[in-house]
Amino acid sequence: MELPSKEILLKLYRDLITARRGEQRMFEMIGSKIFPTGHRGVGEEVVPIAICNNLTKTDCFHPNFRTAFCLFTKPGFTLEDAIAMNLGKIYQNHPFFAPKYGTIGSSGTLGEPALMYVGAAVANSIQKTGDVTVFVQGDGASNRAPTHEAMAVAAAWQLPIVFVIQNNQYGMGTSVSKAYNIKDLSLRGVGYGFPSEQVDGNDMIAMYQVAKKHIDNVRKGKGPSLIAANTYRLGAHYEGDAQRYRVKGEVEEWKQTRDPLPRYQNRLMEMGILTRADVNRLEKEVDAEIEAAIETVKKVPLRFGSEPNVSLAIDGL
Amino acid sequence: MAVLTYIEALNQAFKEEMRRDERVVMWGEDLISMNGVYGFAAGIHEEFGDDRIKDTPICEQAIAGMAIGAAHRGLRPIGVFMNSGFTLAAFDGLFLKIGCTRPGLPIVMQATIAGPREDMDHGMSPEALYAHSPYWKVVMPSTPYDVKGLMKTAIRDDWPVFFLDHSAAMFSGYSDGSLYTPYQDGQIMFGGNKQEVPDEEYLIPFGQADVKREGGDLTLVTFSFMVHHALAAANTLSKEGIHVEVVDLRTIVPLDVGTVVKSAEKTRRILIVHEAMKRCGIAGEIAFRLQEEAPEMMASLKTPCQRLAAKNLPLARRPDWNLTPSADSIVAKVKEMVEA
Numbered sequence: 001m002e003l004p005s006k007e008i009l010l011k012l013y014r015d016l017i018t019a020r021r022g023e024q025r026m027f028e029m030i031g032s033k034i035f036p037t038g039h040r041g042v043g044e045e046v047v048p049i050a051i052c053n054n055l056t057k058t059d060c061f062h063p064n065f066r067t068a069f070c071l072f073t074k075p076g077f078t079l080e081d082a083i084a085m086n087l088g089k090i091y092q093n094h095p096f097f098a099p100k101y102g103t104i105g106s107s108g109t110l111g112e113p114a115l116m117y118v119g120a121a122v123a124n125s126i127q128k129t130g131d132v133t134v135f136v137q138g139d140g141a142s143n144r145a146p147t148h149e150a151m152a153v154a155a156a157w158q159l160p161i162v163f164v165i166q167n168n169q170y171g172m173g174t175s176v177s178k179a180y181n182i183k184d185l186s187l188r189g190v191g192y193g194f195p196s197e198q199v200d201g202n203d204m205i206a207m208y209q210v211a212k213k214h215i216d217n218v219r220k221g222k223g224p225s226l227i228a229a230n231t232y233r234l235g236a237h238y239e240g241d242a243q244r245y246r247v248k249g250e251v252e253e254w255k256q257t258r259d260p261l262p263r264y265q266n267r268l269m270e271m272g273i274l275t276r277a278d279v280n281r282l283e284k285e286v287d288a289e290i291e292a293a294i295e296t297v298k299k300v301p302l303r304f305g306s307e308p309n310v311s312l313a314i315d316g317l
Numbered sequence: 318m319a320v321l322t323y324i325e326a327l328n329q330a331f332k333e334e335m336r337r338d339e340r341v342v343m344w345g346e347d348l349i350s351m352n353g354v355y356g357f358a359a360g361i362h363e364e365f366g367d368d369r370i371k372d373t374p375i376c377e378q379a380i381a382g383m384a385i386g387a388a389h390r391g392l393r394p395i396g397v398f399m400n401s402g403f404t405l406a407a408f409d410g411l412f413l414k415i416g417c418t419r420p421g422l423p424i425v426m427q428a429t430i431a432g433p434r435e436d437m438d439h440g441m442s443p444e445a446l447y448a449h450s451p452y453w454k455v456v457m458p459s460t461p462y463d464v465k466g467l468m469k470t471a472i473r474d475d476w477p478v479f480f481l482d483h484s485a486a487m488f489s490g491y492s493d494g495s496l497y498t499p500y501q502d503g504q505i506m507f508g509g510n511k512q513e514v515p516d517e518e519y520l521i522p523f524g525q526a527d528v529k530r531e532g533g534d535l536t537l538v539t540f541s542f543m544v545h546h547a548l549a550a551a552n553t554l555s556k557e558g559i560h561v562e563v564v565d566l567r568t569i570v571p572l573d574v575g576t577v578v579k580s581a582e583k584t585r586r587i588l589i590v591h592e593a594m595k596r597c598g599i600a601g602e603i604a605f606r607l608q609e610e611a612p613e614m615m616a617s618l619k620t621p622c623q624r625l626a627a628k629n630l631p632l633a634r635r636p637d638w639n640l641t642p643s644a645d646s647i648v649a650k651v652k653e654m655v656e657a
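In order, the protein sequences belong to chains A and B. Counting in my numbering, the first sequence runs from 1 upward without gaps. Counting in my numbering, the second sequence runs from 318 upward without gaps.
You can take every hint at face value.
Derived Cβ-Cβ restraints for the label pairs, each shown as a range: (1) B:Arg473 to A:Tyr245: 48 to 54 Å; (2) A:Thr296 to B:Pro631: 56 to 62 Å; (3) B:Gly366 to A:Ala288: 52 to 58 Å; (4) A:Asp287 to B:Glu339: 47 to 53 Å; (5) B:Gly366 to A:Ser5: 40 to 46 Å; (6) A:Tyr245 to B:Cys417: 29 to 35 Å; (7) B:Pro631 to A:Lys299: 57 to 63 Å; (8) B:Phe605 to A:Arg246: 51 to 57 Å.
For the record, the hints were derived by calculation from the structure and aren't laboratory data. This one's a predicted model, so the numbers in the text were calculated from it and none came from an experiment. Where is the CB? At the ideal position from N, CA and C, for every residue including glycine.
Could you put together the complete structure from these sequences and hints?
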C-alpha cells in the first residue's frame with residue numbers, strides 16, 4: 001500500500017501526541033470524576049486518529065466512548081470542543097451532538113448507536129450526499145444485538161458505512177478470549193458479506209492505510225465493510241478499577257513493546273522525517289496549545305450542545 | 318365524499334404526505350413484499366420507488382434505532398412494526414433513546430395491535446409503556462376518518478409520534494368476534510369499518526378528543542377499538558333508557574382533559590375503558606389527571622370514577638375467557654354505575 005505523504009505522517013504524529021497529552025491533562029484536572037476521562041483511552045488513540053484523518057467535515061463518525069477525546073481530529077471539531085466535553089461543560093453521555101458534522105450522539109447502552117449511525121447512512125444514501133459513515137465501538141459492544149441488526153440492514157441495503165471494532169482485548173473486565181470463540185474479530189463482517197480485515201490498531205501507518213482503503217471504497221459506492229482494529233487498553237476500565245481480571249505482566253508487556261506512541265515516534269525517526277529535537281519542540285507546542293484551549297473553554301460559550309434540548313415537555317407535564 | 322375502509326384511509330394518508338414532502342420515508346418488515354401485511358402500504362413502492370419505502374430484514378431494533386440517525390440527518394422516517402408486541406424487541410431504542418433523549422425529531426413509529434384474539438407478542442396494547450416516556454406522543458385512532466387525519470398530523474409533527482392502530486378497527490367496525498377474518502383465500506380483506514372520508518385534505522390536531530356519541534347519563538372515556546365496543550354498548554343501553562356519551566380520546570399523549578371534564582360536568586359519571594391490562598394501565602393516569610385538573614368536577618360525581626380494562630393476565634388467544642372488555646361487560650358496568 002502507498003505510504004502516506006510526509007505531511008500526513010507528521011500531522012498524524014501531532015494528533016497522537018495531542019491526544020495522549022491532552023487526555024492526560026484532563027485526567028490531572030478532573031481525575032476520574034467525569035466521563036469519559038474516567039474511562040481512559042490511553043493506548044488506543046491510533047484507531048480514531050487514523051480514521052478521522054480520512055474523513056470530511058460532513059462525514060458521520062461515532063467514536064468509541066473511551067477515545068472520544070480524539071474527536072478533535074474529526075474535521076469540523078477542534079481541541080476546544082474535546083476539552084469542553086471532558087471538563088463536563090457538555091453532557092458527557094452524548095459527546096459532541098453536532099449532526100451537521102456527523103455526530104448524532106451516543107448511548108449508555110453501548111451497541112445501540114450502531115443503529116443510529118446506520119440510520120445516518122440511510123439518510124446519506126437516500127439524499128445522495130456522498131458522505132461516508134464510520135462507526136467505531138469496542139469488542140464488548142460488538143457482541144450486542146443492535147450491532148448485528150445494524151450490520152444486517154447495512155448489508156441488505158448496501159449502505160455507505162464502515163464498521164470498526166476497536167478491539168482493546170477487554171469488555172470491562174471480560175477478556176476477548178472469554179467473550180468470543182474467534183481470535184480474528186473481522187470474521188464478524190464476513191457473515192454479512194462485508195469486505196473485512198483485521199489490522200494492527202497500534203500501528204499508525206497500517207491503521208491509516210486500512211482506514212483509507214475502506215473509507216475510499218465505501219465512498220465509491222462499494223457497500224459496507226468492516227475493520228477489526230486490534231489494540232490494547234493500557235488503563236483500567238474506569239479509574240479505581242482494581243483490574244483483578246488482568247493476566248500478570250500483560251499490561252507491562254504491551255506498554256513496553258506495543259504502545260503506539262513510542263512505536264510511531266521511532267518509526268518516523270527511522271524514516272528520517274522526525275528528530276529528537278522535533279519531538280521536544282512539538283511536545284512544547286502541543287502543551288501550549290492544550291493550555292490555551294483550556295483557557296478558551298473556560299471563557300467562551302460552547303459551540304455545540306450536548307444533545308437536543310431535553311428540557312422540553314409535552315402536555316404541560 | 319368517498320367511502321373508505323380504515324386501511325384505505327391510512328394508505329391515503331401515507332401517500333398524500335409522501336407526495337407533499339420528499340423527506341418522508343417508510344421502512345419496516347414486508348412493506349413492499351406484502352403491502353405491510355395489513356395492506357396499508359399498497360401501491361407506495363410502485364409510486365415512490367426504492368428510496369422512499371424499504372423492506373427491512375427482520376430487525377425490530379433497527380426499525381427504531383435507524384430512525385434517530387436518519388432524522389438527525391434530514392429525513393422524516395416512518396418505522397412500521399408489524400405488530401404491537403414486536404416493538405418491545407426495540408424497547409431500548411424506542412423508550413430510552415427516542416422517548417427519553419430525542420424530542421424535536423420527526424419520527425413516526427406505527428404498530429398494529431392485533432388484539433385479544435392473538436397472543437401478547439401480536440396483540441398487546443402497549444400505550445401505557447410509551448406514554449410513560451417524556452417525549453412520545455401516543456396516537457390511537459378508531460375510525461377511517463380519524464386515522465387519516467391523525468396520521469397526516471403525525472407525519473408533519475416535529476416530535477416523535479407513536480401511532481398505534483388496531484387490527485379489529487381495520488377489519489370490522491364492530492366485532493363480536495365472528496367478523497375478525499382479515500384473511501380469505503390468502504388475500505387480505507379490505508372489509509369492515511368503512512366511513513365517508515372527505516375528498517379534500519384535512520388534518521386532525523393532537524389532543525382533541527371526539528365525542529362519538531352524545532348522552533346525558535354517563536361519560537365513557539375510551540380509544541382505539543374499544544370505541545366500537547363502547548358504541549355497541551351505548552346502543553344497547555339506549556334501548557333501556559340509559560344514555561351514554563362516548564368520548565374517543567384519539568390521542569393518549571397529549572391528553573384532552575377538557576373534553577372529558579365538559580362531558581362529565583353534564584353526566585356526573587365517568588367510566589374509563591381500555592383493552593390493555595388494568596394494573597398500571599392508562600386509565601389510572603387519566604383518572605388522576607382528572608382529579609388534579611378538575612377536582613371539583615370529580616368531587617361532584619354521583620358515583621366514583623371507575624375503570625374497565627383487561628384482567629391482569631396475558632392475552633391467551635381465548636376470546637371465550639373474556640379477558641378484555643366487551644360490549645357486554647361495558648353494558649353491565651354502566652348499569653352498575655347508573656343504578657348505584
